[in-house]
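**Q** Residues per chain are reported as follows:
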Amino acid sequence: MKSLEFFSRVSIGRYIERDSAVHRLSPAAKYLWLFAFILPVSALRSAAAMALLAAAAIAATALAKIRPGYLLRGFVPVLPLVGVAAAFQIIFTSPADSSAVLLAVGPVSVTLREAAAVGGMALRFLAMMLGLGLFTSVITEGDTARGIEDVLSPLAKLGFPAHQLALAVAVAFRFIPIVAGELEGIVKAQAARGADFGTGKGGPLRRARAYLPLVVPVTIRALERAEALAEAMEARCYEARGRTRYVEAEGGRYDLVARLAAIAFAGTSLALGAVLPW
Amino acid sequence: MEHSSVKKIVTAGALGAVSVVLAVTPLGFLPWFGGASLTIMHIPVIVTAVLEGPVAGTVVGLIFGVTSLVKAAVAPVGPLDPLFTNPLVSVLPRLLIGVVAWAVYKLFRGKLTPLAAGAAGAVGGFANTVLVLTMLGLSAADQIAGVLGLETAAIPAFLAGIALSNGLVEAAAAAVFTGAVVSAWKGIAEGGASKLSKEA
Chain A
1 MKSLEFFSRV
11 SIGRYIERDS
21 AVHRLSPAAK
31 YLWLFAFILP
41 VSALRSAAAM
51 ALLAAAAIAA
61 TALAKIRPGY
71 LLRGFVPVLP
81 LVGVAAAFQI
91 IFTSPADSSA
101 VLLAVGPVSV
111 TLREAAAVGG
121 MALRFLAMML
131 GLGLFTSVIT
141 EGDTARGIED
151 VLSPLAKLGF
161 PAHQLALAVA
171 VAFRFIPIVA
181 GELEGIVKAQ
191 AARGADFGTG
201 KGGPLRRARA
211 YLPLVVPVTI
221 RALERAEALA
231 EAMEARCYEA
241 RGRTRYVEAE
251 GGRYDLVARL
261 AAIAFAGTSL
271 ALGAVLPW
Chain B
1 MEHSSVKKIV
11 TAGALGAVSV
21 VLAVTPLGFL
31 PWFGGASLTI
41 MHIPVIVTAV
51 LEGPVAGTVV
61 GLIFGVTSLV
71 KAAVAPVGPL
81 DPLFTNPLVS
91 VLPRLLIGVV
101 AWAVYKLFRG
111 KLTPLAAGAA
121 GAVGGFANTV
131 LVLTMLGLSA
141 ADQIAGVLGL
151 ETAAIPAFLA
161 GIALSNGLVE
171 AAAAAVFTGA
181 VVSAWKGIAE
191 GGASKLSKEA
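Those sequence lines, one after another, are chains A and B.
So that you can map any letter, position 100 of the first sequence is 100 in this note's numbering, and since no number is skipped, the others follow by simple counting.
So that you can map any letter, position 196 of the second sequence is 196 in this note's numbering, and since no number is skipped, the others follow by simple counting.
Next up, chain A with everything else stripped away, as it sits in the complex:
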């Protein structure tokens, strides 16, 4: 029955409450920093730049008073990937590789280019884990939705439905526990009738068919709830235009500086990544 308890161990992007300079940023500033970080991490190829970006992420994590080890607890399971990729890079030396040999054991040699390729890959993943993990640790659910609207507000002036998108995300956050609870209820009800999920015998086709009485009711229930919620909102004359907020994001000079710093950070990283040799 252990397989039926889905939601006790889910720890994806849990908010960690701390009193830190990072937590005090407005949601829009947090989003700007996230974009300013992800852009160079996914665009650059240089291993040295990845190392600097990962170091920057660790510094930000310390500033947020969160242990980097907590964000990196998922790193160990993927180490085999890095190991295999490293072995492959080292064994098959590209004929075009004329960089300095760092280490040679018999016929196998590690060149600078190979080391940079493997290190760059591992560091990129490390930086991404730190960046996304930190972002989800310092932003609350409500701020995640509000921040989307704030950060897209320049686009909203051009007609982009920023508020609508933020509302959809807010509804999604609100619905996650409901859908999860219903899914658990339906799985248990089906299990009580003898259905078998995951552990079951029988061919894949039979197991796939067991999911039909699970996915259909969950989706239908979500659609029904959405319809009820939409009717309730319309009955109260909800309109997506010209809305005010109960909680206004506090701007201030500190926040403005942080936003400008995010833009400067992205620019500097991209420029640095283009200059660094490996």
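Bear in mind the hints are in silico, worked out from the structure with no lab data behind them.
Do not rely on the hints blindly, as some may be mistaken.
Computed cross-link-like contacts, DSBU-like style, restricted to lysine-lysine with a CA-CA straight-line distance of at most 35 Å [to be verified]:
no., chain 1, residue 1, chain 2, residue 2
1, B, K106, B, K186
2, A, K188, B, K186
3, B, K106, A, K157
Based on the hints, put chain B in the right spot on chain A.
**A** The following block gives chain B in isolation, referenced to the frame of chain A:
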């Protein structure tokens, strides 16, 4: 059926939640031959696109893509998860599923709903597989080659093989699930009776 914008927004949010829940539980993956698993997490994207149009479908695709990006970075499970920390692989392809599925559904002009929804599911599911694999091939061919011990030059053929084998099965699964959900929902909408509305 033209729906109000509130209905579209709320439905996108609700089915986005379904997609997130499927993504963070083992139920999002169907066990399949040889340890490979099929994903059904894109079903809510296709269902939303069919019921509420391409924009709502794209919103659910965005929620699904961002969830898989965050999941790959925060709680990676498989050897390929590090590659999904690239938003070009995990988010961009998922934005297009809804548009493709909606376009296919529209081709039927409101006739033969179960068949149209099934076709939309098949094409949407196949589009997901093909687009994700294409982005993987473009962005990380070297790393995949490293994991599998193949030459980098063999990667396009290898990915095309997966796209055909896994993609066709996923397309069939998506067709069955989408067809079942959409026809059940249309049945309820036309019959006017819903269990939830009686409860409330």
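**Q** With reference to the structure, classify each hint as holding or not holding.
**A** Status of each hint after checking the structure:
A distance of roughly 16 Å separates the Cα atoms of K106 (chain B) and K186 (chain B); the hinted pair therefore holds under the 35 Å criterion. Taking the CA atoms of K188 (chain A) and K186 (chain B), the gap is about 27 Å. The hint holds against a cut of 35 Å. Our distance criterion of 35 Å between C-alpha atoms is met by K106 (chain B) and K157 (chain A), whose separation comes to about 31 Å.
Hint compliance for this structure: every hint is met.
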